[in-house]
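Please arrange chain B on chain A, whose structure you already have, making use of the hints.
Chains as they are written, first to last, in our numbering: chain A, 3 to 347; chain B, 3 to 273.
For the chain B half of the interface with chain A, some residues (derived, Cβ under 7 Å), not all of them:
1. Ile-53
2. Ala-73
3. Arg-74
4. Ala-77
5. Pro-84
6. Ala-92
7. Ala-93
8. Pro-105
By construction, these hints were calculated from the structure, which means they are not laboratory data.
The beta carbon of each residue, even a glycine, is placed where N, CA and C say it ideally should be.
Next come the chains, spelled out residue by residue.
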Amino acid sequence: MTKSISHSRKVFVLAVLGAALLALILLGASVGLSGYGLKTVARVFWEWLSPAREPSAQAAVIVFELRLPRVLLALVAGAGLALAGTGTQAVLMNPLVSPAVLGISSGAAFGAALALVLGVDILGLGRYLVVANAFVTASAAMILAYVLARLAKSSRETIILSGIAVGYIFSGLVSLLQYVAKEEDLREVVFWLMGSLWDAQMETVWFLAPVVLLGLLALMFLAWDLNALGAGEETAHSLGVRVGRVRLATLLLSTLLTASVVSFTGAINFIGLMAPHITRSLIGSDHRFLVPASALVGAGLLLAADTAARSLVWPVEMPVGIMTALLGGPFFLYLLARRRKDWLS
Amino acid sequence: MTLRAENIEFSYNSRRVLDRVSLHLRPGRLTGLIGPNGSGKSTLLCCLDRILKPGQGSLFLEGRDLARLSARALAREIGYVPQNGAQSVAATVAEVVLLGRRPHLRFRVGPEDRRAVQEALAALGLTGLAERYFDELSGGEKQKALLARALAQETRILLLDEPTSNLDLRHQLEVLDLLTGLKESRQLCLAVSLHDLNLAARYADDLVLLHQGRVAALGEPALVLTPENLARVYGVRARVDLDSRGRPLIRVEAPLPPEEIPSGGDTRNHD
Chain A
3 MTKSISHSRK
13 VFVLAVLGAA
23 LLALILLGAS
33 VGLSGYGLKT
43 VARVFWEWLS
53 PAREPSAQAA
63 VIVFELRLPR
73 VLLALVAGAG
83 LALAGTGTQA
93 VLMNPLVSPA
103 VLGISSGAAF
113 GAALALVLGV
123 DILGLGRYLV
133 VANAFVTASA
143 AMILAYVLAR
153 LAKSSRETII
163 LSGIAVGYIF
173 SGLVSLLQYV
183 AKEEDLREVV
193 FWLMGSLWDA
203 QMETVWFLAP
213 VVLLGLLALM
223 FLAWDLNALG
233 AGEETAHSLG
243 VRVGRVRLAT
253 LLLSTLLTAS
263 VVSFTGAINF
273 IGLMAPHITR
283 SLIGSDHRFL
293 VPASALVGAG
303 LLLAADTAAR
313 SLVWPVEMPV
323 GIMTALLGGP
333 FFLYLLARRR
343 KDWLS
Chain B
3 MTLRAENIEF
13 SYNSRRVLDR
23 VSLHLRPGRL
33 TGLIGPNGSG
43 KSTLLCCLDR
53 ILKPGQGSLF
63 LEGRDLARLS
73 ARALAREIGY
83 VPQNGAQSVA
93 ATVAEVVLLG
103 RRPHLRFRVG
113 PEDRRAVQEA
123 LAALGLTGLA
133 ERYFDELSGG
143 EKQKALLARA
153 LAQETRILLL
163 DEPTSNLDLR
173 HQLEVLDLLT
183 GLKESRQLCL
193 AVSLHDLNLA
203 ARYADDLVLL
213 HQGRVAALGE
223 PALVLTPENL
233 ARVYGVRARV
243 DLDSRGRPLI
253 RVEAPLPPEE
263 IPSGGDTRNH
273 D
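This is chain A alone, in the form it adopts within the complex (with noise of 0.2 Å):
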C-alpha cells in the first residue's frame, strides 16, 4: 500500500528544492578561470547582502559581471523548459510530450540556420537575426502543428503525431542548409544545435525572465484546470474546463517559453522531457505544488550541467546541450527503473 505525498510534505520539498537551488548558484557562481572558489564567491554575496561594507572589488566584478548572468540564463532557461514541459504533457495527457517532440525545436533550428546560412533575416532584426528567426520558425512549426490538428477535427494524439511530422519536416529542411552551407556557417549551425548558454548576457537574462514568470503565474492560474484534465476530457468538461481553450492556451505559452529560451541558448532539449517527470516523483501531480517545483527542477538540472559543462574538462568548455543529454539521460535512467509508481500511465 502506497500512502500519497501530505500537503505538508509538498510544501516541505518546494522548500527544499529551493535551498539546492541556492547551492547550486553558489556553486555555479565558484566555477571560472579565474580562481575565485566557493569561500571568495560566498563572500562577495555576503557583502553584496551587508550594505554595510565595503565589497571587493575584483572578485566582486568577477562573480557579477561575467559568471552570475550565466548562472542566472541557466537557471531562467531551465525553469523555462521545465515550464513548458509540464504544460504539454497536463493539455496533451501524454508523459511521452516535450516541446522537443512536438517540432517546436526543429522549427527554432531551422529559423536559427536559415540566419547562419542563407542570411535571410525574417524580422528584419540585425543584431538579434538568429534569435529572431529561430523564434519566429519555432512558433510557426507550433502553429502549424496544431492546425492541420484541428482542421481534422482532432484528437490529442493527432496534434502529437502531426508535431512530429512537422518536426521532421523542419529537421529536413535543416539537413538540407547543413549540407548546401559553407564550412564556416556550417560550424555555426552545428554548434547552434548542440544547445549552449556561453554567450551568457544580462541583456538576455532580462528577457527571457519576464517570460518565464509569465509562464509560471499563467500555469498556476491553470493549475486545477491542469488538475482535472487528469482526469479525462469528459470529467474536465463537466468539472467546468473549457478544455479546447484551456489546451490552445498551454500550447502556445509552452511554445513561447520554449522559443524564447531555445533562440537564445540553442537547442537543449532533455530538460521539458526530464524535469516534469523527476518532480512528479518528489511531489505528485497536483499541478498548484508541480507547476513551481518544475520550474526549480528545470532550472537546478541546467545550471548542474552547465557547471559540469564548465568544469569536468577544465578549462575546456562543452556545450551544456552536451551535458544534459550525457549526463541527464543516465540521470534519468536511473530514476525510472528505480521509482514505485507510474506519474502518468
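The following block gives chain B in isolation, referenced to the frame of chain A:
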C-alpha cells in the same frame, strides 16, 4: 431543480446518434436510461451535461436555457460520472474527490471545500482510503471514488453512465442503494444509464428506453419493460413477471430470429 430536454439531436459526423429525444428529470427521482449497445445512452448523458453540444434541441434547467450558462455555473448545477473513470495521472483518492470542488474554488482550498470532500468520502465509506492511490483501488472502490467526486461537487442533478458496469453483484446493489438514499435525503435528480434491466426495474422511478437514438418507450418500469418492447428493441423473447412491490422481473428466454423481431419500434423505417 429540474432538467428538461426537448428534441435533442446529435450526430457524430453524418451518423445520427440521437434523434429528437425529450425527457424530464425531477427532484427525488431516479431516471434509468436503458437500451441496447449503441442506442445512444452515453451520448444522451453527455448531451445533458453539454459535454457534447447537441446539434438541435434545447435543454432547460429550471426553465433557464442551459446553453446560456457559463461552464463554471453549469458545473455547479450538474455533475457527471463517466463509465470508466480513467485517471491518466497518478492521484490519490482525496485528490480525485477534491477535483469535484473545481467549479467552486479559484486557487486555494477553503474549509468549505475540505468539509465537502470529507462528507463525500464518509458518505461512500472511503475515509480510510483517502490517501491511497486511485489506480490501486478495486473496481468497486474506484466507482465509489468517482461518485464521491460528483457528491463533493454538490450539484442537485447527477448524471451517471453505467455506474455498475464494472462491479460485482454486491457492489452493484451497494452503489444503487446509496444512490437511492441520496436521492431521497438530498432530493437529487438522478439520470443513470444501466445495462442490467432487472436492476433498472428495481431501482428506477422512471425509465427511458432508447432504440437507435430514439425514445422507444418512457414511463414507469412496469409500462416500459413489457415483452413487446423487449422484443422490438432488444430482439429477445422475454417473460416479465411482477414482484411483490409491483416491479417487473425479467427473464430473457431466447433471442428472436430476425424475421420475428417486430419493426414497429424502428420508426426510422416509417419517416
